[in-house]
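Spelled out from the first residue to the last, the chains are:
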Amino acid sequence: MRIAVLMKEVPDLIEELELTPEGRLETDVLSYIPSEWDEQALEEALILKEESGAAVTVVAVDSGQVDDMLYTALAKGADRAVKLAAESEVLTNRARAALMAAYLQQDPYDLVLTGVQAVDDLDGQVAGLLGGQLGWPHASVVREVKAQGEQVQCVQEYAGGWMATLELALPAVLGIQAARRPPRYVSVAKVRQLQKTASLETVEVTPLPAVELPVRRLYRPAAAGHATMWSEDAAEAAAQLVELLQSRKLIRS
Amino acid sequence: MRPILVVTENQGAELSDSSRELLSKALALTEAFGGEVVAVGFGEGAPETLKRSGAHRAVAVGGSAVAQYASLPYERALHQVLERIQPSLVLLPNTTLGMDLGASLAAAKGMAMVAYCCGLHTESGALVATSQVYGGKLLAEVAIPVEEGAPGTVVTVLPGSWAPEALPNREPVLETLLAEEAQGMVVRETIAPESGGDVDITRAEVLVSVGRGIQDPENIPLAEELAQVLGGVVSCSRPVVDAGWLPRSRQVGKSGLTVKPKLYLALGISGAPEHLQGMKDAELIVAVNTDPAAPIFEVAHYGTTADVLDFIPAAVEAIRERGA
Ligand SMILES: Cc1cc2nc3c(=O)[nH]c(=O)nc-3n(C[C@H](O)[C@H](O)[C@H](O)COP(=O)(O)OP(=O)(O)OC[C@H]3O[C@@H](n4cnc5c(N)ncnc54)[C@H](O)[C@@H]3O)c2cc1C
Numbered sequence: 001m002r003i004a005v006l007m008k009e010v011p012d013l014i015e016e017l018e019l020t021p022e023g024r025l026e027t028d029v030l031s032y033i034p035s036e037w038d039e040q041a042l043e044e045a046l047i048l049k050e051e052s053g054a055a056v057t058v059v060a061v062d063s064g065q066v067d068d069m070l071y072t073a074l075a076k077g078a079d080r081a082v083k084l085a086a087e088s089e090v091l092t093n094r095a096r097a098a099l100m101a102a103y104l105q106q107d108p109y110d111l112v113l114t115g116v117q118a119v120d121d122l123d124g125q126v127a128g129l130l131g132g133q134l135g136w137p138h139a140s141v142v143r144e145v146k147a148q149g150e151q152v153q154c155v156q157e158y159a160g161g162w163m164a165t166l167e168l169a170l171p172a173v174l175g176i177q178a179a180r181r182p183p184r185y186v187s188v189a190k191v192r193q194l195q196k197t198a199s200l201e202t203v204e205v206t207p208l209p210a211v212e213l214p215v216r217r218l219y220r221p222a223a224a225g226h227a228t229m230w231s232e233d234a235a236e237a238a239a240q241l242v243e244l245l246q247s248r249k250l251i252r253s
Numbered sequence: 254m255r256p257i258l259v260v261t262e263n264q265g266a267e268l269s270d271s272s273r274e275l276l277s278k279a280l281a282l283t284e285a286f287g288g289e290v291v292a293v294g295f296g297e298g299a300p301e302t303l304k305r306s307g308a309h310r311a312v313a314v315g316g317s318a319v320a321q322y323a324s325l326p327y328e329r330a331l332h333q334v335l336e337r338i339q340p341s342l343v344l345l346p347n348t349t350l351g352m353d354l355g356a357s358l359a360a361a362k363g364m365a366m367v368a369y370c371c372g373l374h375t376e377s378g379a380l381v382a383t384s385q386v387y388g389g390k391l392l393a394e395v396a397i398p399v400e401e402g403a404p405g406t407v408v409t410v411l412p413g414s415w416a417p418e419a420l421p422n423r424e425p426v427l428e429t430l431l432a433e434e435a436q437g438m439v440v441r442e443t444i445a446p447e448s449g450g451d452v453d454i455t456r457a458e459v460l461v462s463v464g465r466g467i468q469d470p471e472n473i474p475l476a477e478e479l480a481q482v483l484g485g486v487v488s489c490s491r492p493v494v495d496a497g498w499l500p501r502s503r504q505v506g507k508s509g510l511t512v513k514p515k516l517y518l519a520l521g522i523s524g525a526p527e528h529l530q531g532m533k534d535a536e537l538i539v540a541v542n543t544d545p546a547a548p549i550f551e552v553a554h555y556g557t558t559a560d561v562l563d564f565i566p567a568a569v570e571a572i573r574e575r576g577a
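Just so you know, the sequences run in chain order R and E.
First residue of the first sequence? That's 1 in the numbering used here, and the numbers climb one at a time after it.
First residue of the second sequence? That's 254 in the numbering used here, and the numbers climb one at a time after it.
It should be emphasised that the hints constitute simulated quantities derived from the structure, not laboratory data.
From the three backbone atoms N, C-alpha and C, an ideal C-beta is built for every residue, glycine too.
Keep in mind that the hints are not guaranteed to be accurate.
[Unchecked claim] Now the in silico label distances, taken between C-beta atoms and shown as ranges:
| hint | chain 1 | residue 1 | chain 2 | residue 2 | range |
| --- | --- | --- | --- | --- | --- |
| 1 | E | P417 | R | E16 | 50 to 56 angstroms |
| 2 | R | V29 | E | A285 | 53 to 59 angstroms |
| 3 | R | P108 | E | D451 | 18 to 24 angstroms |
| 4 | R | A85 | E | L431 | 57 to 63 angstroms |
| 5 | E | A445 | R | V186 | 35 to 41 angstroms |
| 6 | E | P474 | R | S88 | 46 to 52 angstroms |
| 7 | R | S247 | E | K304 | 25 to 31 angstroms |
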């Protein structure tokens, strides 16, 4: 089975997100990390490879920041890494999906895994966009993917803890919620070493059409209600908690 | 304006809360823009619940292919409905159904798409959507074209984004559509929620809830100790469950449980929209998070940027001292 894992890099939310006066992200100061759900998708693909000998290709749109992510995926056990050449470094998710759909039409895979969502996919999640654009069976919010000949089985999650086991005919696209195991770790040294011998392939594709909506602006939510902040000192904050709980009769005074 | 299509879901024998939210918003928008609301529902119960949708027209999709949810037959049926209705706007709840079908309908039909919508309002004749992005740290504002020639826009809405108005007492003109069996997807088994296990977090009055900021499974006993002195139990965010540090029965949020305790202590939880969905109605929320910009502070009543690993032992000690 040939599996493609679609990955992208997103701003690290640990850092402060700065905005320009026009309400755009100040991209110069951003640091990027692989989207956490894409990392879950990669892990699930690597587990499938171990179980059934699948060949795993990681695919990313080349925004200029994806090399580390792709080398890391190779160091973790992916077989190939493909960068899709893009005309712009700033792409909507819709535009990314259109490039990926074009690539998947020219280099077909049996199974496509990607993260269920990303923190910036305002104009649609990749799994659904691809499923719709390619006309393949697709399911999101899934985990526990098992390969079974011409089909895959997975568990889809619904509200309130309900779930169902689904079987999908291949080719199919899955939006992965979580891998069966936490993503494996690979040391920076190992990635650096691999970088000396491995290479990333660059592929040019003509994107399929995509309808885009311009984002007027990004802004911080008006602090409609903001917490009353206590001391940043742990002992003082703990004392303030006790006082509060006593006044609310949540602990004995 | 061309019609607004609302994709509804049922919760037992009723329309789900998020479906009612969408319907009431769609009806308000038709007052501003003209046009009709068409509600679509699936499965055996749909003809009955759609009667109470307040929509102008309704389509009940039936047949064994949609007796239970599966994205493929639902999607095929919605394609037919879209062809017929040619809506200017399609509203879906951002549940698994919306995550499955919102983006795919937009891509298949060449429509625009706005995900994670938490607000829809009119602004001098235009329609403006507000969406939560970057884990709730930022909002994005998008103008949705509604003029005649526009391709139409699919919007998935976060459940609980606005309070639904009472739906009008109007019985919609009902059509039925028999869904075709879809080759390529089979639902093998439906699995009921993992019941309580050791504790039922929905019944606890005090929840000490840990997130990824707890850092290591070895730190969970710290939280257990704090829960114990407070007479509560430990709950958590999703990544803590996915990492195998706590059982799924302890998970609060969209894909976990909804809780409404007297005290919710959020320790090292960022406050992503999917987490807030499960706890924002707690009576008293206290958050501990080293990031002063963490969205959890917007729903918390009290907070501190102390390190959880310092705060928890300090709190245990302070409570013990008082209690003694
Ligand atoms: C379909 C779907 C369903 C989902 N359902 C749920 C759900 O039911 N429940 C849920 O919780 N999530 C759910 N999620 C995941 C959700 O999007 C977030 O990823 C998740 O809530 C983040 O968990 P977290 O806050 O623990 O981790 P993070 O977002 O990583 O936050 C960790 C926080 O800890 C803080 N921190 C770090 N170290 C310390 C320290 N030493 N002291 C104090 N603070 C510290 C950081 O500042 C950060 O804010 C769902 C996602 C999807 C796509």
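So, going through the hints one by one against the coordinates:
Between P417 (chain E) and E16 (chain R) the Cβ separation comes to about 36 angstroms, which falls outside the hinted range of 50 to 56 angstroms. At about 40 angstroms, the CB distance of V29 (chain R) to A285 (chain E) disagrees with the hint of 53 to 59 angstroms. Checking the proposed 18 to 24 angstroms range against P108 (chain R) and D451 (chain E) shows it is violated: the Cβ atoms sit about 48 angstroms from each other. Taking 57 to 63 angstroms as the suggested C-beta distance range, the pair A85 (chain R) and L431 (chain E) does not conform, at roughly 46 angstroms.
Take A445 (chain E) and V186 (chain R): their Cβ atoms lie about 38 angstroms apart, and the range 35 to 41 angstroms holds. Hint check: P474 (chain E) to S88 (chain R), Cβ distance near 50 angstroms, so the stated range 46 to 52 angstroms holds. Remark: the range hint 25 to 31 angstroms for S247 (chain R) to K304 (chain E) is contradicted by a beta-carbon distance near 49 angstroms.
Violated hints, in rising order: 1, 2, 3, 4 and 7; the structure is consistent with all others.
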